[in-house]
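Enquirer: In order, the protein sequences belong to chains A and B.
Under my numbering, the first sequence is numbered contiguously, ending at residue 723.
Under my numbering, the second sequence is numbered contiguously, ending at residue 585.
Just so you know, the hints here were simulated from the structure itself, not pulled from any lab data.
Misleading hints may appear alongside valid ones.
To give an idea of the chain A side of the interface with chain B (calculated C-beta under 7 Å), a few residues [stated by the list, open to error]: (1) D240; (2) A349; (3) R380; (4) N397.
Where chain B lies over chain A, by a calculated footprint (3+ residues, C-beta under 8 Å) [claimed, not checked]: (5) 426-432; (6) 476-482.
Listed below are the simulated DSBU-like cross-link pairs for lysine-lysine, each with C-alpha atoms no more than 35 Å apart in a straight line [what the hints assert, rightly or not]: (7) K327/B to K230/B; (8) K523/A to K687/A; (9) K370/A to K495/A; (10) K232/A to K26/B; (11) K26/B to K518/A; (12) K230/B to K336/A; (13) K352/A to K327/B; (14) K230/B to K352/A; (15) K370/A to K527/B; (16) K714/A to K687/A; (17) K433/A to K523/A.
For glycine and all other residues, C-beta sits at the position ideal for the given N, C-alpha and C.
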Amino acid sequence: MKEPRMHLSDHRDLGKRKADTGYVLINLIRYLKPWMAVFVLLFIANIASVVLSLTGPKLSGDAIDMIKSDGSTDMDAVYYCCALLAGIYALSGVLSYLSTVGMAYVAKKVACRMREDTFNKLISLPVSYFDSRQAGDIISVLSYDIDTVGESLANDVVLVINSVVMIAGSFIMMLTISPLLVVVFVVTIPISVLLTRFIAKRVQPLFRRRSAKLGELNGFVEEMIAGQKTTKAYGCEEAMIQKFEAKNTQAVEAYARAEYISTMTGPTNNFMNNLAMTLISVLGALMYMYSFGGITRVGQIASFVLYSRKFSGPINEIANVFGEFQSAIAAAERVFRVLEEQPEAPDPEGAIAPENIRGDVAFEHVSFGYIKGREVLHDLSIEAHKGNVVAIVGKTGAGKTTVINLLMRFYDPDSGRIMLDGRDIAGYTRAGLRGCFTMVLQDTWLFAGTVYENIAYGKENATREEVERVCRAAKIHSFIARLPNGYDTYLSDNAVNISKGQKQLLTIARAMLLDSPMLILDEATSNVDTRTEHIIQQAMTKLMEGRTCFVIAHRLSTIRNADKILVMDGGDVAEQGTHEELLAKKGMYYKLYRSQFESY
Amino acid sequence: MKGTLKYLRPYGGIAAWGVTIKFIGSIAELFLPLLLDYIIDEIVPLKDIVPVLWAGLLMLAFSLIAMFGNIWANRLSVSAAAKMTHDLRYDLFKKISYLKSEQVDEVTVPSLVSRLTSDSYYVNQMVARTLRLGVRAPILLVGGIIMTFIVDAYLASVLLGCVPFVIAAVAVITKKSIPYYAKKQANSDDMVRAMQENISGVRIVKALSKGGYETEKFRGISDRLGDTDLAAKRIMSLTNPLATLILNLGLVVVIIVGALMSDGAGSVLAVLTYFTMILNGMLGLSKIFVVLSQGIASAERIERVLKMDTAQPAEELAEGCGEYAVQFKDVCFSYNGVENNLTDINFALPHGGTLGIIGATGSGKSTIVNLMMRFYDADSGDVYIDGRNVRSMPPEEVRKYFGAAFQNDFLMAGSVRENIDYGRALPEDSILGAAKSAQAEEFVAKLHGGLDYDLAQKAANLSGGQKQRLTVARALAGQPRILILDDASSALDYETDAALRRELADKYPQTTKVIVAQRVSSVRGADMILVLDDGRQIGLGTHEELLRTCPEYAQIYRAQMGEDV
């Protein structure tokens with residue numbers, strides 16, 4: 124959706140605490156260090172450009188003074204002055220362009236480094252990091268936050284240097300004309316700064332409220348329109364319109380209140396500038412008339428007015444940039460916090476890469492909880508031998524996926540151990556251990572890339588023949604062959620019409636390409652039509668041949684053919700055994716099984 | 021655009037008043053440089069203090085008028101824009117609430133959402149900004165030009181001569197940079213997608229130890245993004261120095277011309293000041309054009325929806341057979357008018373009976389529900405509810421018969437109670453009873469706050485099965501005469517699913533039930549099962565009958581229950 128970006132960012136800043144500026148700056152400097160030389164060079168170019176442009180009004184004033192109303196103007200002198208002016212302006216323009224582009228280059232380099240570092244860090248983080256966060260938040264650090272830092276480096280830094288030099292320069296120039304006249308600013312600047320700060324302070328919470336309310340309204344709208352059919356089904360359109368009305372009114376009121384105050388800034392700033400101009404012209408005129416304060420020529424008043432404008436403009440500018448700096452610092456802080464996260468613990472010394480794995484797996488008294496104090500698995504023991512099919516059944520939330528998370532070492536048990544071929548899996552390298560498993564999960568994961576790339580993902584250098592072979596085995600080859608570019612068809616968000624079932628088959632083909640001794644399977648059931656389901660089932664059966672399999676099972680046929688069924692309930696294995704044994708027990712499994720054949 | 025402006029009419033008084041005040045304020049601002057010129061060129065040579073002070077006071081007065089006028093006018097414009105946005109959004113939401121289903125299909129949900137959110141925001145911006153800058157900018161521009169001509173016609177011409185150069189420079193630069201920005205946006209989308217892929221596939225990436233590969237891939241994307249960004253900036257950064265240079269050179273020419281014409285220093289200074297004003301005016305106007313073009317496009321998108329006709333008239337039609345709760349007679353229907361989504365559907369479900377509908381994805385199961393509830397009207401054939409042709413009833417009346425839980429039905433941010441009640445102000449007993457029957461009681465009790473537990477947007481804090489149970493509870497809570505469960509138990513485990521069916525049979529014997537499912541186990545107990553294939557009815561009967569008469573059904577059954585059943 125094309126929501127104006129402002130809201131997203133403002134909305135996110137709601138919960139932010141005060142940024143730790145020192146911490147951010149130290150980290151930022153690390154990124155800027157390689158560019159220090161360039162930085163200094165740009166700094167000098169910038170100062171030169173500003174100083175050059177500052178001599179403009181002075182020269183203009185001189186030229187204006189040469190103009191005599193009686194026609195006795197020395198035109199050669201005027202021409203000389205003007206040629207000088209033109210040269211100065213041109214040089215200043217070139218320097219200013221160079222420093223802007225130079226800064227943009229540095230900003231790009233820094234932003235790219237930051238993005239890559241952040242991505243590297245994210246890739247090395249444990250699965251738990253992603254499980255406990257919203258994907259949108261992680262992505263916004265990588266895109267929005269780093270963008271903000273980059274933009275701030277590219278624009279704001281130049282602007283601040285510019286402004287500071289401009290302020291200092293014009294101040295000095297004004298001093299050289301008339302120190303006394305500068306006193307005017309002793310009155311106007313503090314008032315101006317105070318007013319701006321006063322408004323900004325009052326407006327900030329109002330703006331936050333405004334974004335929050337607009338966010339609420341938009342969230343409501345998004346939901347309600349998606350649920351329009353439901354609302355109509357229950358005939359409660361009016362009730363929902365009333366709800367909307369309340370949120371709409373709040374949003375509009377919050378908007379008006381914020382704008383009421385914030386639209387004062389422009390006119391008040393203009394006023395302060397006009398006030399300064401008024402005071403300067405009156406005082407300047409008086410000084411000229413009574414020959415004091417250093418004003419001896421009318422042209423000096425003119426230059427002074429021109430400088431005063433160069434002086435007050437940047438002051439307002441700096442006030443604006445300051446706000447942007449703050450949000451850039453907050454953004455940078457979020458980036459650095461990610462960079463500080465603890466990666467997956469390194470493999471312990473002496474960890475070996477598993478070789479010639481048979482596929483005997485045993486859980487020995489394993490206990491585990493995602494959150495401390497809330498155990499999900501209690502003292503779990505399972506044994507599976509080479510080639511066994513272990514079906515895990517149970518209600519949602521019984522701990523089925525947790526078993527798999529532990530097997531793959533996405534998480535480590537709190538106590539107990541898991542053995543593979545008689546060795547604790549913590550004693551293998553993570554990469555090696557994970558390589559022993561092939562995983563087919565419920566959410567079929569495909570990325571933007573060709574069909575071939577997607578299937579060959581787990582086995583680099585897989586030949587086209589190998590890929591076609593597994594696709595035939597998974598019964599997806601003829602579908603792929605019919606795609607516009609066959610195996611080279613690019614799969615992206617919406618370009619190719621590919622059903623859920625076909626996606627599942629593609630991931631099965633990907634899994635078949637891997638020659639690992641063990642298989643983890645999370646059977647999906649819903650939302651696939653029955654014909655495709657049949658094909659999927661056949662493909663999965665083929666995939667399971669000769670491997671030790673852990674299956675989170677939903678299909679009765681899988682369960683009935685399993686060597687061992689684990690019936691999980693509330694983190695415990697309530698029953699285990701074969702289909703016949705468990706039926707004979709007439710316990711939990713029996714109930715679960717019968718529930719399918721009840722005729723209600 | 022006209023339709024949107026209509027919304028401004030009630031606040032026309034405020035807006036007009038605001039514009040007038042703004043006008044006065046801006047004119048006051050225009051006089052300041054003139055006074056400055058006057059002081060320097062005319063009063064200073066007199067060497068008399070009194071007129072200087074008077075002129076100073078006058079400048080102060082004009083500055084004050086300008087400030088207060090502008091503040092006041094800004095507030096009026098904010099208030100007019102806010103009120104009008106409020107009204108526009110209200111009407112738009114109301115209209116969307118009553119849109120017919122085919123109209124929603126036509127515009128699409130994401131597009132409706134963006135019309136109500138970002139488009140209404142752009143219209144608001146357009147109105148507020150135009151009222152605020154629309155007066156000031158032209159006055160500064162035109163007034164500034166007039167004033168310079170008053171001060172000195174020759175100098176004014178020099179300045180005006182610069183303007184086309186500046187405009188041309190800005191236009192060329194902007195045009196050149198647009199493709200770069202488009203490319204940058206595309207690269208940025210690529211990056212977000214790469215990140216999304218890595219987050220959703222984190223387990224696969226780790227299982228296959230592809231971290232290094234992904235990092236390399238990401239580096240490429242990140243570099244491309246940086247490169248296009250820099251290319252865009254290289255061009256855009258030209259704007260400022262170039263425009264400044266042209267203007268400065270213009271100033272140099274002004275001085276030369278001033279010298280040749282032997283003007284007073286004050287005139288040159290005044291012209292320079294007006295020049296800044298003219299520039300500000302131009303800047304303001306260009307900003308207005310941006311918001312205007314964006315705003316007008318948005319206003320038109322909004323108006324297209326507001327103009328839609330949502331009326332679904334009831335016709336006088338013959339009654340059908342009263343003993344059936346739902347009856348389809350030779351019903352054909354197509355969403356797009358090209359190929360049929362349903363062909364010749366015939367069935368009659370008695371009051372209190374249960375109909376199961378089974379078939380592959382896209383075979384037309386949900387379409388039958390859509391026709392029953394009059395979300396769409398059949399192209400040919402007739403649909404009867406309680407013996408009345410649905411087309412003889414207004415849609416609201418049809419829907420009073422039903423309680424429905426749709427496929428992937430929606431839950432809103434709000435408490436569990438609000439979601440079950442859904443604006444119907446049902447008594448507490450009904451809500452509790454429905455939650456119990458829908459097998460939701462147990463998990464709701466475990467939630468912090470029970471029925472008052474707040475769901476996140478899209479109920480993201482519940483599992484799929486929990487969501488489905490709440491939608492079923494919502495359907496049951498109104499004690500409907502006809503209950504529709506459209507694939508509403510697919511995420512439940514078999515045991516819970518069976519418990520739900522048992523409960524429905526025990527507690528709601530009078531209710532007519534329509535159960536759409538993929539699982540045979542969900543429909544096998546129905547009085548009548550309708551088997552669909554590509555919009556055609558290929559079987560109708562009880563489970564046992566279908567096993568004998570409908571080979572497709574038998575195959576589905578075997579596939580799901582294991583070969584040897």
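Enquirer: Does each hint hold? Answer for all of them.
Expert: Going down the list of hints, with the structure as the test:
no.	hint	result
1	D240	10 Å, violated
2	A349	6 Å, holds
3	R380	9 Å, violated
4	N397	4 Å, holds
5	426-432	holds (count 3)
6	476-482	violated (count 0)
7	K327/B to K230/B	53 Å, violated
8	K523/A to K687/A	15 Å, holds
9	K370/A to K495/A	39 Å, violated
10	K232/A to K26/B	51 Å, violated
11	K26/B to K518/A	58 Å, violated
12	K230/B to K336/A	42 Å, violated
13	K352/A to K327/B	20 Å, holds
14	K230/B to K352/A	43 Å, violated
15	K370/A to K527/B	39 Å, violated
16	K714/A to K687/A	18 Å, holds
17	K433/A to K523/A	70 Å, violated
Hints 1, 3, 6, 7, 9, 10, 11, 12, 14, 15 and 17 from the list above are not met by this structure, while the remaining hints are.
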